[in-house]
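Got two chains here, each in a separate frame; can you build the complex from them with the hints?
Line by line, the protein sequences give chains A and B. For what it's worth, this note's numbering labels the leading residue of the first sequence as 1, then goes sequentially. For what it's worth, this note's numbering labels the leading residue of the second sequence as 1001, then goes sequentially.
Mixed in with the good hints, there may be bad ones.
Listed next, the stretches of chain A that the computed footprint assigns to chain B, with coverage defined by at least 3 CB atoms under 8 Å from CB atoms of chain B [to be verified]:
id, region
1, 71-81
2, 89-98
3, 130-142
Cβ pair distances, simulated, as ranges [unchecked claim]:
id, chain 1, residue 1, chain 2, residue 2, range
4, A, W183, B, A1059, 34 to 44 Å
5, A, E208, B, R1258, 40 to 50 Å
6, A, T87, B, R1109, 23 to 33 Å
7, A, V207, B, T1130, 50 to 60 Å
8, A, T35, B, R1257, 14 to 24 Å
9, B, P1063, A, G166, 52 to 62 Å
10, B, G1110, A, E83, 27 to 37 Å
11, B, T1130, A, W183, 39 to 49 Å
12, B, S1082, A, N176, 35 to 45 Å
13, B, R1263, A, S191, 33 to 43 Å
14, A, T35, B, R1168, 46 to 56 Å
15, B, R1128, A, S191, 28 to 38 Å
16, A, E83, B, R1060, 45 to 55 Å
By construction, these hints were calculated from the structure, which means they are not laboratory data. Treat the numbers as computed from the prediction; the structure is a model and nothing was measured. We put the beta carbon where it would ideally sit given N, CA and C, even for glycine.
Residue strings, one per chain:
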Amino acid sequence: MRRAHVFLVIAAAAALLAVVGPRPKAEAATARNLTLLYIDEDRFRNYDFTDRAVTPYGVDWPIALVFGNNATIDRVKARLGNEYDQTGGPMYGRMTDNAGSGGVGGGYVWDDDSGGKTTKCPGAPFQPDSARHYRIYADGDDRLYNLAWGYYVFGSTHWDRWECGGDTAWFGWSENAEGWLAWRWSTNGYSAAEDWASFYNWEPYRVEGTHVWENDGYATWFWVF
Amino acid sequence: VGKRRLRHLVLGLLTPSWVVAAALAPAAATAGDRVVFRLPRPLQLQNRVAFSYPLPEGARQGPRDWYTIRLHYRLTFAPDSSAGHAWVMADTNRRTCAQVEYTLVRGQRGLRYRRTTVDLEHGQLERRSTSTRDDVRFANYLQEAGVKGGSNELSIRVERTRGVKLRRLQILGVSVVRTARTPYPFQLRPSLITGDVGAGERFRVAVELRNVGGTPLHGVVVREQHDSRRLERLSGPTVRHGPLWETGRVVFDFRARREGRHRITFLGDSDRNHPIAVVEVRVGGRRGGRTTTVVVVAALAALLGGLAIALSRRTG
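Chain B on its own, in the form it takes in the complex (with noise of 0.2 Å):
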């Protein structure tokens, strides 16, 4: 299905286990990640496991604290396993938060498989390998409903279509952690830079950028999305800016071409997170047209004046 855009790590027959593990590992633990729950000891997995553990009145995720899980298991299928799939999975309180997919082929040189993950952490990863073994260090936050005050319900099982055979799932840790880190580092803060807009004029929105993860963000963008019918943008739809590491600033300048109360959505892009943040402007009635008209009154009424005066004159 598709083609991907994934970061590859296609691992040969001969890579050592604990290579692989590396290359999956969560991130660090930060100063203040508390550990709530932590499995006893290792188990063999056969088909579920379910656990319980409390969580403060009032738990939620974000945006102060954060629920992670982590989970780490060794798992050999059987060499006369079919084709087919395998998941390993974590739910809390039914909400699935960690999901390793299997797709095993049967070719000329026996079983291979090609494992793949997504999270919050890392993105995407892939790993293609000839040998019936793996070990899998996994991590992400769990999903909003999967986190509540009081008795919370942790379950690890494993699912595999027909013909699929494991000799052995060990289950070697898991545990959810409380952290203060941002699945959200990246944040876009627009405010109008002008003061009040009328029709068919000028303004300017500025865009704060914020890096509140600690680690530069790359790829930095911001594009933005306005009705072409009420707004007309004058600088480009894309500014891109260098490494944030903490704090950055963008300008877009448009001109309203309508009264009424116009919405400006600006989208970021970066390597961790995709920010959207929408400013309203509210645009008045044509202040310069106004100026324009009564400039022009008073100067026919000069006009008109110093002909009446001329004409009084003659006459006179």
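The shape of chain A in the complex, shown without the other chains (with noise of 0.2 Å):
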């Protein structure tokens, strides 16, 4: 009887964090390298934002990956859905694309992406302690387009720990990451070129709040066919 209490209660838990679901995720946090990265006349920040507002008080993680030559957001997440088959709360990119709409104001737009990620709510009853997650960002069509990288989608990845309990959260490591995506990547059959190009970036390991920062400035190249 007492086993089944135990295991009743922990169920009880369990679905109780099912309903409140996951802690608030990383706060927001400070780039030392916020900047602009241009390729061809295609435009977007280097880093993503935890909401639509550019300031280097405000942002969640480095850029740090690159789909390109035929991605759409779709494509990509149809091709890592068999280990980032679960999603994580929205963040935001900021970009304009030269094949995109223009006008005034340079046709800059946010995108919101809740990404991939390897379990749901880390740190809950039954659950692994941490999980691995990424967000892609594209304009309204979910792709951009320009001679040098064809159609393509960018983003940013990082560690979540202890997220829905367990011990005390925390987020980041997100060079840790860039390499285990590229590893899911490679193992799905296609191919990457880690830490392809440099993205201006670079966040020695530092604690700030719940966020670890820990990236060292250079993207990696996911080749989409």
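Below, the structure written as structure tokens:
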């Protein structure tokens, strides 16, 4: 009977967590090197943001992923869906596509994405402690186009640990998460070039609240065909 | 994903397919355009088909000659198709230059789809339909790595997610066309108006605006970016220009804060393209400061000299 009670309590806690959902996501953090990147005539910010505001004090993670040649948001997610099959909370990317809608104001747009995640609620009962999480961004038609990169999307990635309980939550180690994403891409049969180009967003190891920064400033290229 | 700034082409059920085709029609060929590959005859596409065609040695994408693809197809989804995605694509040397994405949804009224494209001729286009048919004319500039001298390969293919069924996909025409029409008609050329610049001095940068596209550009805006520790901007950060037919000019005012080489980046926006240009400003020593020092020293010397003369007269 006691075992049954314990099981029921755990099940109730799990159900409650499932209803309540994860604790608040990583707080906004401070970017050391927020800037605008140019490729051909496209432009995008080298960090994603916790809100629709361009400020170094409201960033989430460094942009470290480019899926190029024949990418769309859905094509990329379909290729990573065998492991990154859950979603998280949304963040925001900022960009203008030369082939997009232009005009006054530069045609800058925001895109929000909840991304793909390896575990919905890490730290919840019966769930792993940690999850890897990526988000990818593009404008209204879910991809950008230029003559150098073809059809592409860009994004960020990081770890979420004890997000739903178990211990003190933290988020980050994006460089490590980038390597894991490249590994998954390769094992799924596609090619990736790790640390292929500087995105000028180097972040040495430092802890800022629940944010654990660590990024070498070089993005990985994921070839999509 | 995201809030859209698309040019919507939401067309109803009864819209004839030729209207859609006209809306998507590629830009008219201009004098000097040359077809370097043309599909010999229409074909039914199952999965993939490939062709090879030669280009002259040294062929490359721009800046004089530009290579484009023109694709025309008709597609019919099976009425019992599941929801999901389908993509009709073309690649040159495995570099994708045409990518048409269909998102299929099954509702109470049956199958409907959203079709999206993006290209350097039209930007983003979207069509939503409750029909199972589509007729598409698509044009785009090839990727840089999709153009090379010698033998080139063009492939056309279709992919779909599980359960998405095509009844028919007819490729009615495909061609690769060499053209002189640039995808970058809006160009910026910044230059320093003032000659030598010293620290603390004001200077001006003129940005020449050029439209080499033949049709007027709208929504023309030029903005600048600089390091505020090195330079101070005295004019507004953004200059708007009316419709640009051929050439125009805008001017920005600055003051140099310190010596050294400083870069100013100019970002252009228009309804066609978004050029970027950089000008480097060499700032010398504080020339105005030296002059002031010389004047002050001379004044002091004159004062002291006057005092000395006055004192010598008194004592004398």
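Cross-check of the supplied hints:
A stretch counts as covered by a chain when three or more of its residues have a beta carbon under 8 Å from one of that chain; for the region 71-81 of chain A and chain B the count is 5, and the coverage holds. Only residues whose beta carbon comes within less than 8 Å of a beta carbon in chain B count, and the region 89-98 of chain A has 3; three or more means the coverage holds. With a cut-off of 8 Å between beta carbons, the region 130-142 of chain A has 6 residues touching chain B; three or more are needed, and the interface restraint holds. A hinted range of 34 to 44 Å for the beta carbons of A/W183 and B/A1059 is consistent with their spacing of about 38 Å.
With their beta carbons about 32 Å apart, A/E208 and B/R1258 fall outside the hinted range of 40 to 50 Å. A hinted range of 23 to 33 Å holds for the C-beta pair A/T87 and B/R1109, which are about 29 Å apart. About 53 Å separates the C-beta atoms of A/V207 and B/T1130, a value consistent with the hinted range of 50 to 60 Å. At roughly 20 Å, the beta-carbon separation of A/T35 and B/R1257 lies within the given 14 to 24 Å, and the hint holds.
A C-beta distance of roughly 58 Å is found between B/P1063 and A/G166, which places it inside the suggested range of 52 to 62 Å. Judged by the Cβ atoms, the range 27 to 37 Å given for B/G1110 and A/E83 holds: they are separated by roughly 34 Å. For the hinted restraint 39 to 49 Å between B/T1130 and A/W183, the CB-CB distance of approximately 43 Å keeps it satisfied. Range check, B/S1082 to A/N176: Cβ separation about 38 Å, and the 35 to 45 Å hint holds.
The supplied range of 33 to 43 Å is met by B/R1263 and A/S191, whose beta-carbon atoms lie about 36 Å from each other. The given range of 46 to 56 Å is respected by A/T35 and B/R1168, whose C-beta atoms sit roughly 49 Å from each other. Restraint check, B/R1128 to A/S191: a C-beta distance of roughly 35 Å satisfies the suggested window 28 to 38 Å. The hinted range of 45 to 55 Å is not satisfied by A/E83 and B/R1060, whose Cβ atoms lie roughly 40 Å apart.
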